[in-house]
Amino acid sequence: MSSLSATIQKIFNEPGCAKNANKSDAERNKGCAKQLQPGGAAGGCAFDGAKIALQPFTDVAHLVHGPIACEGNSWDNRGAASSGASIWRTGFTTDMNETDIVFGGEKRLYKAIKEIIKKYNPPAIFVYQTCVPAMIGDDINAVCKAASQKLGKPVIPINSPGFVGPKNLGNKLAGEALLEHVIGTEEPDYTTPYDINLIGEYNLCGELWQVKPLLDELGIRILSCLSGDGKYREVASSHRARAAMIVCSKAMINVARKMEGRYGIPFFEGSFYGIQDSSDSLRQIARLLVERGAPCELIERTEAVIAREEARAWATIELYKPRFAGKRALLITGGVKSWSVVAALQEAGLELVGTSVKKSTKQDKERIKELMGQDALMIEDMTPREIYKMLKDAKADIMLSGGKSQFVALKAAMPWLDINQERCHAYMGYIGMVKLVEEIDKALFNPMWEQLRRPAPWEEVAKNRQTNGMAQIDVQAVDVAADPETTRRAKKVCFCKEVDLGTLEDAIRSHGLTSAEAVRQHTSAFGGCCKRRIEDILTKIPVSSPPAMLQAAE
Amino acid sequence: MAIVTTPKKACAVNPLKMSQPIGGAFAFMGLRGAMPLLHGSQGCTSFGLTLFVRHFKEAVPLQTTAMSEVATVLGGYENVEQAILNIYNRAKPEIIGICSTGVTETNGDDVDGYIKLIREQHPQLAKCPLVFVSTPDFKDAFQDGWEKTVACMVEVLVGAPPVGVERDPARVNVLPGCHLTPGDLDELRTILEDFGLKPSFLPDLAGSLDGHIPGEFTPTTIGGIGVDEVAGMGRSSWTIAIGEQMRRAAEAIQAKAGVPFRLFERLCGLIPNDEFIAFLSDISGRPVPAKYRRQRGQLSDAMLDAHFHVGGRKLAIGAEPDLLFDLSSMLHEMGAQVTAAVTTTQSPVLERIGTNEVLIGDLEDLEELARTRNCDLLITHSHGRQAAARLKIPFYRTGFPMFDRIGAGHQLSVGYRGTRDVIFSIANLVIADREENHQPAPDSWRTSRRSLKPGRRSFVDATEGSMA
Chain A
1 MSSLSATIQK IFNEPGCAKN ANKSDAERNK GCAKQLQPGG AAGGCAFDGA KIALQPFTDV
61 AHLVHGPIAC EGNSWDNRGA ASSGASIWRT GFTTDMNETD IVFGGEKRLY KAIKEIIKKY
121 NPPAIFVYQT CVPAMIGDDI NAVCKAASQK LGKPVIPINS PGFVGPKNLG NKLAGEALLE
181 HVIGTEEPDY TTPYDINLIG EYNLCGELWQ VKPLLDELGI RILSCLSGDG KYREVASSHR
241 ARAAMIVCSK AMINVARKME GRYGIPFFEG SFYGIQDSSD SLRQIARLLV ERGAPCELIE
301 RTEAVIAREE ARAWATIELY KPRFAGKRAL LITGGVKSWS VVAALQEAGL ELVGTSVKKS
361 TKQDKERIKE LMGQDALMIE DMTPREIYKM LKDAKADIML SGGKSQFVAL KAAMPWLDIN
421 QERCHAYMGY IGMVKLVEEI DKALFNPMWE QLRRPAPWEE VAKNRQTNGM AQIDVQAVDV
481 AADPETTRRA KKVCFCKEVD LGTLEDAIRS HGLTSAEAVR QHTSAFGGCC KRRIEDILTK
541 IPVSSPPAML QAAE
Chain B
1 MAIVTTPKKA CAVNPLKMSQ PIGGAFAFMG LRGAMPLLHG SQGCTSFGLT LFVRHFKEAV
61 PLQTTAMSEV ATVLGGYENV EQAILNIYNR AKPEIIGICS TGVTETNGDD VDGYIKLIRE
121 QHPQLAKCPL VFVSTPDFKD AFQDGWEKTV ACMVEVLVGA PPVGVERDPA RVNVLPGCHL
181 TPGDLDELRT ILEDFGLKPS FLPDLAGSLD GHIPGEFTPT TIGGIGVDEV AGMGRSSWTI
241 AIGEQMRRAA EAIQAKAGVP FRLFERLCGL IPNDEFIAFL SDISGRPVPA KYRRQRGQLS
301 DAMLDAHFHV GGRKLAIGAE PDLLFDLSSM LHEMGAQVTA AVTTTQSPVL ERIGTNEVLI
361 GDLEDLEELA RTRNCDLLIT HSHGRQAAAR LKIPFYRTGF PMFDRIGAGH QLSVGYRGTR
421 DVIFSIANLV IADREENHQP APDSWRTSRR SLKPGRRSFV DATEGSMA
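Chains A and B are the protein sequences, given in the same order. Mapping the first sequence onto this note's numbering, position 334 (from 1) lands on 334, and the numbers just tick up by one. Mapping the second sequence onto this note's numbering, position 381 (from 1) lands on 381, and the numbers just tick up by one.
Treat the hints as calculated values from the structure; they're not laboratory data. Any given hint might turn out to be false.
To be verified - To give an idea of the chain A side of the interface with chain B (calculated C-beta under 7 Å), a few residues:
{"hint": "1", "residue": "Met96"}
{"hint": "2", "residue": "Val102"}
{"hint": "3", "residue": "Phe103"}
{"hint": "4", "residue": "Lys411"}
Note that beta-carbon positions come from the ideal geometry of N, C-alpha and C, so glycine has one too.
So here's chain A without its partners, still in its complex pose:
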């Protein structure tokens, strides 16, 4: 166990983590894992995290050393996609019994490894340590080492007993295991100046394949993806890549940074969620490759691809604008996704009533403020009951979240869309964002909602909160119908402060303004968030012909 705690300490000392760098030594030693609360905790354990991070290696046999709970209750539960091998979908476990607990499970583990090689002959076996064998002192490092030597196959120990911490720590422990035992152990057949690694990308629903064609088109080769649709040999020779993109930094920053230190592979943190982010990521990849010696023309070609893809995507999303006008979305997700999809949703005309920032970094929060305004509702920790109430009171028209909170929305008869790992649609890259907008449209406009929100004929109408919520909306609609111009003008343009449409229009018309900057000078509009909206307004107002009323006033 001492080596495991040393590994954990190393992870907590991660200098690549901005959060960590700002901590004092004492704080850093405590690690970033919050003390889990008995009776109030949710989410997976370190073993879960390790398995999630590595299971998408498709040609590897993943053997779980532990009692049946760890694998029997969890196998075959994530939808990563493979372009070939399928052994990763097979559940292997030592299924430890009482005798193993008393006499130790090392022998059983060794035999299990032997059986797998005999029956399935995979290029490598990953052995996951879980709580019970860790407690009784099974030394999986020793067993794996012995098995590797005797059986002539890489057998990689992943030291990840559940009780050492949460899922995120497990992701990093998995990364450490790769660094220690796998990366750099083999050489690629050939290399090109266009070789990159993707780190922390899991190819859920085959998402990576929405982006890969663009990379292919640019001639950029994914030398290794950790770990979506990954192969053992690829990751073993991944140290020859020219650059790396870290897709989920919370999970595997340690891998990216150490590979930079050891092999001089520069990395950046990017995302393929959202149109802007996809473009930024492609640009960054091209830039890093060129810095490492790829021909400069790569950058031009990349820009051309970006321009083409962006134009296509925005043109399609534009079509949804009229349908989404006035619709409000609640976004409950973690990390980069809390802002990276916001831009696209706003572009499609959706208002965002709030986004969760539970797993977001400081920079993530800054980005949210920039996109949604200073008053953006950032949900630190909302109980399901509160979310339920929010939806039931019709404060949002749709919730986007992970599968665990779906019933909070569905049971309130509110549209819901899965944007986390269990979803069945891929939302990556340019086409992914269009797909997301399409799915939102389908969810929002399903005619079913109207029926579901009707109370049973025998139910007292007044008691039904849903009806009240809908009634409020109806009242607003009546108001709008009664005095459309005042209501239209009173509409808040952005989520920041008090700027309303009327004030902006007046300023534009009276001063003949043409740029967003000028409008900002004349009004109280500020921040990056309003810019796009102001530009929208500018395009709609023909400056040359101010309305008669204003002319008269002047």
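Fit chain B to the known structure of chain A by using the hints.
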């Protein structure tokens, strides 16, 4: 009849089995206002939670004592105490059900002792029942966890009737095994009520995981049997236990309150339902309602229609013991040959399954047996989908978990009506498979005849399989 064997392999491949603690937690979900709590590390709960959510497509209450490395070394008292207090304060449960896991059993935590201490320290908990069941992960399986937990509920919660209080002749306890779905429980309730009986189901998943929409959001279970109702089960006139796994709980009620019980090993099939209906008629003193006479007729007719398709099928089935016994017996009675049978744990019913051999194993074993014995129908839970695809044979999903199809909670297999539905579903699978994959063609005719020769459903083979 059947010989029960255990394979000698160190590595379980594609597990059929799930762990005991989540079987226990599942039973607690059939109580009203309950919060099941697993005493173990976070993953023990989160894996179970995901499994239940994927199966039922419902919000599922399940909590963890979140054992850390340090707590595991020092003992989990504080974690159990904190978890109970947190749950009590936040979720306001009517009962907290605690199951141990592999971690805390290896550790040797004395949870019964902890609970005593917690009760002394926190008198405000006096009215909140805390039921603890020992369910180590490294022993037994899902069904055993359910069995132990229901027995434990009876021991802790059911009261002996006061002397001189008469039993209510119409009140009946029903103890359903974990292989029955909420839909099955609803069906049973209707049948019992049609005989004028007032059933109390323990546990009652029909009230809690049947997919209704609550008016308010609650963190605990919605519906299910209340603790007060469980306490009064000692005053019933009969206990009906369904599945061998419920014998223990039925005996516990009998020992505690003197309620006689009748165990129905299975409720899928014509004969078992005849016995069941006759028994209900007997204890209620009422004639069998016309509805069930009609349903019996429909089932008989379904059997006639289906036997062409089900008869002679070589069946590979993997399920927990009671479900395996239930379904395979019914299909055996329909003329199918139970050619490969795999289960998760020991049970007295296994020996009486109509086949030569029952293996306590995994889905790799089932797939291998199905392949070598040329089975043409696979029955197991959703994890069998990969095997079925490789074997290219029709696949009937049953039991838990069923995460890749919707409506799992309402799949019906009890009663005349339920049996009829199962028979139709399976026969239709076979018909569809024949239409899609086995249409005779001028070229395939000769080859398929040739493949018949070396053992592919030859006469000898067929009789061998059905000798049981």
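For each hint, the structure was consulted:
Evaluation of the Met96/A hint against chain B yields a held restraint, the C-beta minimum of about 5 Å falling below 7 Å. The criterion of a C-beta within 7 Å of any C-beta in chain B is not met by Val102/A, whose closest approach is roughly 10 Å, and the hint is violated. With a least beta-carbon distance of about 12 Å to chain B, the hint placing Phe103/A at the interface is violated under the 7 Å criterion. This hint holds: Lys411/A has a C-beta 5 Å from the nearest C-beta of chain B, less than the 7 Å allowed.
Violated hints, listed in ascending order, are 2 and 3; each of the other numbered hints is respected by the structure.
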